[in-house]
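> Chains as they are written, first to last, in the working numbering: chain X, 1 to 121; chain U, 1001 to 1089; chain V, 2001 to 2931.
Hints are supplied without guarantee of correctness; some may be wrong.
Listed next, the in silico DSBU-like pairs over lysine-lysine satisfying Cα-Cα at most 35 Å (straight line) [stated by the list, open to error]:
{"hint": "1", "chain 1": "X", "residue 1": "K100", "chain 2": "X", "residue 2": "K116"}
{"hint": "2", "chain 1": "V", "residue 1": "K2773", "chain 2": "X", "residue 2": "K106"}
{"hint": "3", "chain 1": "V", "residue 1": "K2357", "chain 2": "X", "residue 2": "K100"}
Simulated from the structure, these hints should not be mistaken for laboratory data. Computed from a predicted model, the values in this text were never measured in an experiment.
Chain by chain, the residues:
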Amino acid sequence: MTNILEIVVSFLLVLGAIIMLIGSIGLAKLPDYFTRLHAPTKASTLGVGCILIASMVYFSFDLGRLNLKEFLITMFLFITAPIAAHMLAKAGLQYKVKLKEDTYNKDLSAKAYLHKAPDED
Amino acid sequence: MLSYATLFASGLICIALALNAWRLIVGPTTPDRIIAVDTMYINSIALIILLGLYQGTTSYYESALLIALLGFVSTAAFCKYLLRGDIIE
Amino acid sequence: MHYFWVPFLPMLGIIIPLLTNKFNRSTCALATALLPALALGLILFDLPAVLDGQAFTQSIEWIPLLGLNLSFRLDGLSVLFSLLILGIGLLVILYARYYLSEKDHMGRFYCYLIMFMTAMLGIVMSNNMLQLWFYWELTSISSFLLISFWSHSSDARKGARMALTITGAGGLALLAGIVLLGEVVGSYQLNVVLNSAELVQQHPYYLAILSLFLLGAFTKSAQFPFHFWLPHAMAAPTPVSAYLHSATMVKAGIFLLARFYPVLAGTEVWFVVVSLTGLFTLLLGAYTALFKHDLKGLLAYSTISHLGLIVLLLGLNTELAAIAAVFHIINHAIFKASLFMAAGIIDHESGSRDMRKLNGLWKYMPITATLAMVASASMAGVPLLNGFLSKEMFFTETLDQSILGSLSWLIPVLATIGGAFAVAYSLRFIHDVFFNGEPKGLTKTPHEPPRYMRVPVEILVALCLVVGIFPAYTVGPLLDSASLAVLNHPLPEFSLAIWHGFNIPLLMSGLAIAGGLAIYLNRKPLFRFEGLFPAIDAKIKFEGAIQACVRWAQKVNQTLESGSLQRYAFWLCFFALALIAPPLLDLDTTRGSQAEYPLNGAVAIAAVLLVAGSLATVIWSHYRLIALLMLSLVGLVVSITFAYFSAPDLALTQLSVEIVTVILLLLALYFFPQHTPTSKSRPSHFVRDLAVASLIGCIIGSICFALMTSPLDSISEFFIANAKTGGGGTNVVNVILVDFRGFDTFGEITVLGIAALGIYKLIARMRLSMRTKDHDGRLWATDKYPVLLSVISQSLLPLFLLISAYIFMRGHNLPGGGFIAGLITSIALIQQYLAHGVDWMTKRVSVSYHYFIAIGLVTAAITGLGSWAFGQPFLTSWFDYFSLPWIGKFELTSALVFDLGVYLTVIGATLLILANLGKLTTKERLTVGVR
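Sequences and hints are given; from them, build the entire structure.
Below you can see the structure in the form of structure tokens.
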């Protein structure tokens, strides 16, 4: 394996891992439910994406043929992660989770919790 | 260099998993815990891919794929439970 | 020899009546009779050799380790009984053709009847005791079905239940006796057992064996105090009474005594118990029979009495008495079957069985009357009829014993009194029914039966006469060979003549006839005297006893089964602890010689997560949903651990099972309270449970440590070495599942299928209403099927199925296989249920999930059976490599088809459970709008 390739793969791995760690730190540290929801959903697509690309590249050279199997996982995650996040957000609304004090337009949340549009009475 | 990078990345992801577990345990609300479990599924995918890279084998690929598939189903089922109580209606 | 097929022919014949039932009644009866007739032909074919005194046995080994063989014997005794069973059976088939009405399901009746015939033939021809017992139980079951044939009648149901309980309990005793005897002798084969009399009779177990065998025989043959079930079994259709309760089934107990006569008889205990039981039953039956107003009731008690007579003869321990017993078996079967059939004709053509209403039938049915009179004369023991001959022999034998010491003269006197009562009730049967004025209050005018309904009676009555007049030429040889089989050594001299000169037995016969006449003439005061006793209804007593048993069982149950899960778990853990701990105390150390694995950061973090997850599950166990989430963490870490230690198959399985479990629990949790109140646990219980749980944890931990540090000599080396060459696959796990341990897997998927059907049956009709708010008082979301989820789930389905097909196909050589693929497919479909609901899915999946289970099991079974076609044992797998243009070299293996069976069964079982749990809720719930 060429040196450049090794560098690229290593870089992608470390980058992916750092993004995922950031996502998890966000999940652990951020102050309220919706902010915590936001952190890992970004990381899970981008972070895992990087690691999967690294694996794809590595095994393509290692096995001596084009290896796109990991692409299936990437594709799958790209499709499902938003839906999972959507469902989680709905669950949060249903549970009327507490918002952070300085949330912008906090008054809208009351209407959102009642399943009303912002301009509705 | 690659093996060091793999080990380093695995270490980071293990820390990430530990943080997720912390969130899972402290909550405070049930939806929080579901996010934590969902994130743990995602992190596990990365961990298993890294394991395959480290050992130079592709036989763990299916496990990663299954976690991706089933983690989603699990998250959806938990959310549906919170939303409607009855997950199949 | 052809007799080996005799028990199998009727067995095949069991389904024939059901198949031919749709044609007309005669065709059905004819078709039913075909195979028994063939079997009778085979017996007749082998008859000459048996009459020469030979005995034959044939065996096929089945489970030799347990002493189980398929083994049949043909000797004099089994030939005699087979002739009775098949001959009378054929006559009963003909008789029942006319007896059953249009409303009765003829096919079902014949089906039970032939099943019974199979069972009886099995009993009399078995050469293996366990096999004999199997057939013995089958007679109890088929007799239960036959007695309760008119299941709309409460009497029939109660009578059937009583017969089944009594004879079934006796059967259990018999099984215990057989096992004891088999262990004592060291073989279950009759030809061995019958020749080890000395060994058995000197063994300390002899008394136990004898009493268990006698319990079996006495319950079946309605001996006192178990006689009461027989009269109540008369609720059966009359052909059944004629066949089972006079000629065959009740004789099974006597057959048992006769069959084991060489081993068990000859001792003092046998003599006292058997003969006194027989004597008492003889007297009780004869006395009670006289007072029965019901025709069949009279015949039932008369049967009890005659069975007592045979038992008494067998108990007398002399060779001639045993011969007389065999002779009376033949005679009683002939005259009693014909009498029952005659009673059935009378009932059928006049509409009543009550002797107070039936009078003067001679005018209406002279032929039937003549036949019945001859048969009852034989029952009474009138000369020139077969009953006379064996009764004469019986009287002779009662003179020649010393059972009661100096009071032994009582026995012949009591026998004569029994004989007198037999004459009296026979007289009553003749005089009350056919003469004695005019019929009273009958619903229809009596008339002769259809021509062919009478034929069986005619044949049997003719036999009574022929045997009675020419005994030596007709039954002589048969009696010789049967007695030879009973005694198991050469026969003494005896003569079958009608006339033995003026002697005491003849005098006793004369006295019995005169006494019977006297009793009958004075019957009115006797009936008045009998009326002074309170009537005892055995049915009420019996049901009362059963109810008491049930109440007692319920009480015990309630004490043990309190419904507290903690208590069950406590006892389970406690006993596990008590069994596991002691051996560990003897060990000095649990550390073995194997080196420990090095610890690294990843393993440490995984261990910490695992422990944290498990602890959290326990801590939050009162909040069920949270506990479930914690459990997901445990499951996930476990599957990563599997992957880390190079077990990808396990990781895949763990993951899929995990998700199915989560969905199952989520479905179930909804119906439970979301929180368990913590205040209910007492502190003392808390300490107790904590202690037991910690102890269990420590002990299991020690065992695991000991196992993992010991060098392990396991079978896995063999599997790894042979997977490719023997099973044609490189994935050892899968090859073990579908090939090396294929039979286990087959059993497991069968159990899985059964469990799924059981759960389905439990919840199929259950409907539970939905709450309007969740536990915390929030109204449910109004969005039933979130649009994004529905759309994406639907488009993911092909991907899911593709992946499951991929996992399935590669299973033989790489991680995967039918079980995992089946779970993935199930989860894919469950995801659709989740996103779209039950109705949407029902419209699209029109096949019921039952069929998946059925087709899966059949596929697996056929694959297994397929190897028989190539002369290989069940489930031998086959594989070969082929090559096709464009595709290249590929492998075909029968294991893949077997795996397909696993795949389908898993899908069927999983979805049958989950989808039906999903249907549990009522469709509508009160969705009070938020607005």
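> With reference to the structure, classify each hint as holding or not holding.
Checked hints:
A threshold of 35 Å between alpha carbons decides the hint, and for K100(X) with K116(X) the separation of about 21 Å falls inside it, so the pair holds. The suggested pairing of K2773(V) with K106(X) holds, with an alpha-carbon distance near 26 Å, which does not exceed 35 Å. About 98 Å separates the Cα atoms of K2357(V) and K100(X), which puts this hinted pair outside 35 Å; it is violated.
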